[in-house]
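Line order of the protein sequences matches chains A and B.
My numbering applies: residue 1 is where the first sequence begins, and numbers increase by one.
My numbering applies: residue 1 is where the second sequence begins, and numbers increase by one.
Just so you know, these hints were derived from the structure itself, not from any lab.
If you're wondering where the values come from, they're calculated on a predicted model, not measured in any experiment.
A hint or two may mislead.
Unchecked claim - Each pair of labels, with its calculated beta carbon distance range:
1) B:Y250 x A:R22: 48 to 56 Å
2) A:P356 x B:F13: 46 to 54 Å
3) A:S321 x B:G102: 51 to 59 Å
4) A:M327 x B:G14: 49 to 57 Å
5) B:K25 x A:L28: 55 to 63 Å
6) A:S321 x B:L16: 40 to 48 Å
7) A:M327 x B:N38: 36 to 44 Å
8) B:G102 x A:A351: 44 to 52 Å
Note that the Cβ used here is the ideal one computed from N, Cα and C, for glycine as well.
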Amino acid sequence: MINYRTKAIIKREVIQQIFSKRFIFATLSLPVFMLIVFGLQFLFMSFEGGGDSLRIFAEEQSTLDLLRNQLNEMENNNPADLQLTYQRSSKDELEVFIEENREAILEGNINGVLFVPATALEDKQVLFYSNNAGNQILLNRIRTLVNNVVINAYIDSRNIDDEIIEFVRMNVSIQSLRITDTGTAEGDASGQQAVAIFFNILLYISLLMVAAPAMAAVNEEKVSRIVEVVLSSVTPSELMAGKIVGSAIAGFTQMFIWLIPVVLVASGSVPLLLAFSDLDIQLGFFMLLYFLLNYLIGVLTFLSIFSAFGAMFDNPQDAQSSMFPVMLLIIVPFFLAFSVVNNPTSILGVAGSLLPFFSILVMPARMVLIDVPLWQFAMAALINLITLYFVVVLCGKIYRFTILMTGKRPSWKEIYKWMRYS
Amino acid sequence: MSELEVRKLNKTFGQLHAVKDVSFKIPEGAIFGLIGRNGAGKTTTIRMMMDIIGPDSGEILVDGKAVENDFRRRISYLPEERGLYKKMKVMEVLNFFMEIKGIKPSAVKNKALDYLDKFQLLDRQDAKIEDLSKGNQQKVQFISAILSDPEFIILDEPFSGLDPVNTDILKEIIIDLKQQGKMIIFSTHLMDFADRMCDQIALIHKGELILNGPLQDIKKQFSGRNISLVYEGDISFLSSSPMVETVNDYGNATGITLYKAEDIQKVLRLLIERQIVIKKFDANEISLQEIFLKVAGGDD
């Protein structure tokens, strides 16, 4: 099948794609883009509510001391977060303070004034003054602390044992343990979830980025009549095979490059970036191998379909507008894979990872989250290969039949007929 | 050097019988014209000859044997509608077309440079195709068609879009290729070029072969009752003459077909009597254009 003619077409496709500005830009920019997105998310999380100036008032000195201790402790964990000042005062003194500092509050120089009256030990009612009473970020941060302080002050007033106080204050900690084939692994699933999401996005972007331009290229060859010249030297099957394999090699190269940072992070070979410092990522050789082979089968499948669509139509607009049903074969599994990230053992997840077309996106997301049984891997691979075989045969027929055909836009009925009889 | 034969080719697209039992032979070293109106079936016939599409029935033979896989190495095609990869450079395009013929680009580099020089494109060898004029793109495509040294060259309207200088260069190269023993097949509806360059023709009309053979034999067949006249004066009276079947008048040159060959002398006499200035009177001459109009020009 791969003779010198097909090799020449593969070579041209690979060179034209890999050395194109679009390919180089996409290959380099995607990891940078994703790092920026994660980094910005981290940055926003770090700085949300940051720099707030908060004035704390309490009627009781003991309450004020407890608040100072709690808030200082929080400050030590998150330095330069809140600017806090503490003052013992009565309600009347507080009102005077607010009146005198109304302008500073309105301008945002003072973000909030918290007042804990003596009655708080009875009714848990505290007052918060601000120009933005809906500042939920700030309120959420101090609510738990103030609650703890009020509880502590209340318990202190009742002479209850410190051990009991400590136990009451302690939150329940749920340790996530993952059962694997080889044992029980400690660790947080968020690292694996991040990888699952990353794999899903990579597959989605790459399949579209490789297959859609291939469709445009086939269509351009048809419209510009290059195909007629090329077909005088090669058969339609050789041309289609060369284009698909060439594009798949380019896509595979791109995917390989995109995976390098993930592998380096997973192997601990590079200091983790700030955003990923808490993530526990485990990626085995088998997972990477399956991911790459799965991608290769997927990209060949979608390249065949997209190429056939490129061959069917006389202009790019018609080709693109008829692609919607095929695009659903990528878009729906993409969203399904996202839902699988939250529950990889669900029926939907298992079914999705074994369905033709869906498996290409869903299985990689599942396999990084749970230990997928080997039979499921084998079944998914077999289903993907069988799907690829039928897609290549059918799309090859359509391509051969339509690449030189011009005239009216074909109907779905005609397309079905070509698949049956050509 | 080989003989190419098309035998009983048939091709149907839906209800349309595009090519009906077309057969012709092209002797080695000939310049062959496949002529016909638009949509006559020329391109479909060529595509079947190139094995781009398969015939419903019939076969293509080289030296009496059905063509084999390596035929694609031996044949080149310049389609009417030009197309090249626009983002590729001139030399890259030529190299690519050699590679799909199984030829190492390095083996034909000097030849490629010679052709580029002949077509005054040597300084554009590193230019992208999209940066070339249409005429220059056409020249690159022509070079890509002949660079592999094919035995059979199919040229579909090779002169369309070329200026007179480049048309002359192309004609010289085609004649040179003929002298090298290449078989050149023109597909054209421009009868003037076919008339001047072809040794043999096949005329396809509505999918059927209606004329086939050496051009001179075909002309003889049609020229017995025909007069080629170059003149000055008013010859409108000829149209109403009972001796004259048709007059294809172009102002000062015309083709006249008579009902009977014996009336040729009477027509000459008539022209002299009417004081028509006769610059050329050829009783055995008929243009391919006239033949074409006679056999394929009547109905749509």
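Hints, verified against the model:
1. At roughly 55 Å, the beta-carbon separation of Y250 (chain B) and R22 (chain A) lies within the given 48 to 56 Å, and the hint holds.
2. Taking 46 to 54 Å as the suggested C-beta distance range, the pair P356 (chain A) and F13 (chain B) does not conform, at roughly 33 Å.
3. Look at S321 (chain A) against G102 (chain B): about 39 Å separates their beta carbons, and that is not inside 51 to 59 Å.
4. Taken as a hint, the range 49 to 57 Å is violated for the pair M327 (chain A) and G14 (chain B), whose Cβ atoms sit roughly 31 Å apart.
5. For the pair K25 (chain B) and L28 (chain A), the beta carbons lie near 60 Å from each other, so the given range of 55 to 63 Å is met.
6. Checked against the hint of 40 to 48 Å, the pair S321 (chain A) and L16 (chain B) fails, with Cβ atoms roughly 28 Å apart.
7. A hinted range of 36 to 44 Å holds for the C-beta pair M327 (chain A) and N38 (chain B), which are about 39 Å apart.
8. Against the hinted window of 44 to 52 Å, the Cβ-Cβ separation of G102 (chain B) and A351 (chain A) comes to about 49 Å, which satisfies the hint.
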